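Visitor: Sequence:
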Amino acid sequence: MKKSLYEDELRRLQAELVTMQEWVRESGARIVVIFEGRDAAGKGSAIKRVTEYLNPRIARVVALPIPTERERGQWYFQRYIKNLPTAGEIVLMDRSWYNRAGVEKVMGYCTPDEYRRFLHQAPLFERMLVEDGILLIKYWFSVSDTEQEARFRSRQQDPMRRWKLSETDVLSITKWVDYSKAKDEMFVHTDIAEAPWWVVESEDKRAARLNMINHFLSLVPYEHMEPPVVHIPHRPPASDYERPPRELNRPVPDHAARITELAAAKSVGKAKGKGKA
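Take the sequence shown: its letter number 249 is residue 249 in my numbering, and every next letter is one higher.
If you are wondering where the hints come from, they were derived from the structure by calculation, not from laboratory data.
All of these numbers come straight from a predicted model, not from anything done at the bench.
Glycine residues also receive a C-beta, built at the ideal position from the N, C-alpha and C atoms.
A portion of the hints provided could be inaccurate.
[What the hints assert, rightly or not] Pairs of lysine to any residue residues, derived as SDA-like cross-links and limited to a Cα-Cα distance of at most 25 Å, are as follows:
no.: 1; residue 1: K175; residue 2: S154
no.: 2; residue 1: K2; residue 2: V62
no.: 3; residue 1: K175; residue 2: E194
[To be verified] Pairwise CB distance ranges, derived in the manner of DEER restraints:
no.: 4; residue 1: P196; residue 2: V18; range: 18 to 28 Å
no.: 5; residue 1: E194; residue 2: N249; range: 24 to 34 Å
no.: 6; residue 1: V252; residue 2: L124; range: 52 to 62 Å
no.: 7; residue 1: A150; residue 2: F187; range: 17 to 27 Å
no.: 8; residue 1: P228; residue 2: E194; range: 26 to 36 Å
Go ahead and model the full structure; you've got the sequences and the hints to work with.
Guide: This is the structure we're talking about:
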């Protein structure tokens, strides 16, 4: 997909997301979107595009860390319940309670009894959410083993994204089949009519983002709602106010001006060099 085509369609879909957000706010809808899948499958970048222009007070991302000692002693779903949306909210879960059916199962972070209990309780829990009026949407981002490894190596070489690469991520290469089996078993028990799994083919990240956002919009029964008109008043004259001298402030150094001057000087130097040649 050409970058220009991708960006135009992404912009259109993001405008629709803003429209949908207004309906969520006005209608008091509650939406939970779960993002699961292989490591480096593109979940985070998809979430970023969904939320880019949305109001963080309405659409919030939940990415829970490793459970605390106190949370380990709670009912497994308990720490997720307190992050569910209230009326007029969208919650996007970057990983969710399905950690137990994936990472925890494969890496041995939970016991066999805890794993079996999760597979039994998850459909019951989700049916209760849906029965209470929450729109629950579950996405599984699918990527091939070769593409996953390529993305890991790209992260390893990029200092801006190296933080995304953890030891658990790297181990997923050696445990590819184990994760596949865990995903298949998870689907058998939790792909329910009330909250089915939707698979996003994410070999092509751009296509995956567009496909996921377009599908998400198709599942939300939103109506076009114009936001309230905000009238900007005229500024009254500041007749009784005198601004203190600027010299009293501590200004941030003008780094932008400095690098602009350096770039201009460098450009002049190159031009002179070409002239001599």
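Visitor: Run every hint past the structure and note whether it holds.
Guide: Status of each hint after checking the structure:
{"no.": "1", "hint": "K175 x S154", "in the structure": "holds (20 Å)"}
{"no.": "2", "hint": "K2 x V62", "in the structure": "violated (32 Å)"}
{"no.": "3", "hint": "K175 x E194", "in the structure": "violated (31 Å)"}
{"no.": "4", "hint": "P196 x V18: 18 to 28 Å", "in the structure": "holds (27 Å)"}
{"no.": "5", "hint": "E194 x N249: 24 to 34 Å", "in the structure": "violated (59 Å)"}
{"no.": "6", "hint": "V252 x L124: 52 to 62 Å", "in the structure": "holds (55 Å)"}
{"no.": "7", "hint": "A150 x F187: 17 to 27 Å", "in the structure": "holds (26 Å)"}
{"no.": "8", "hint": "P228 x E194: 26 to 36 Å", "in the structure": "holds (35 Å)"}
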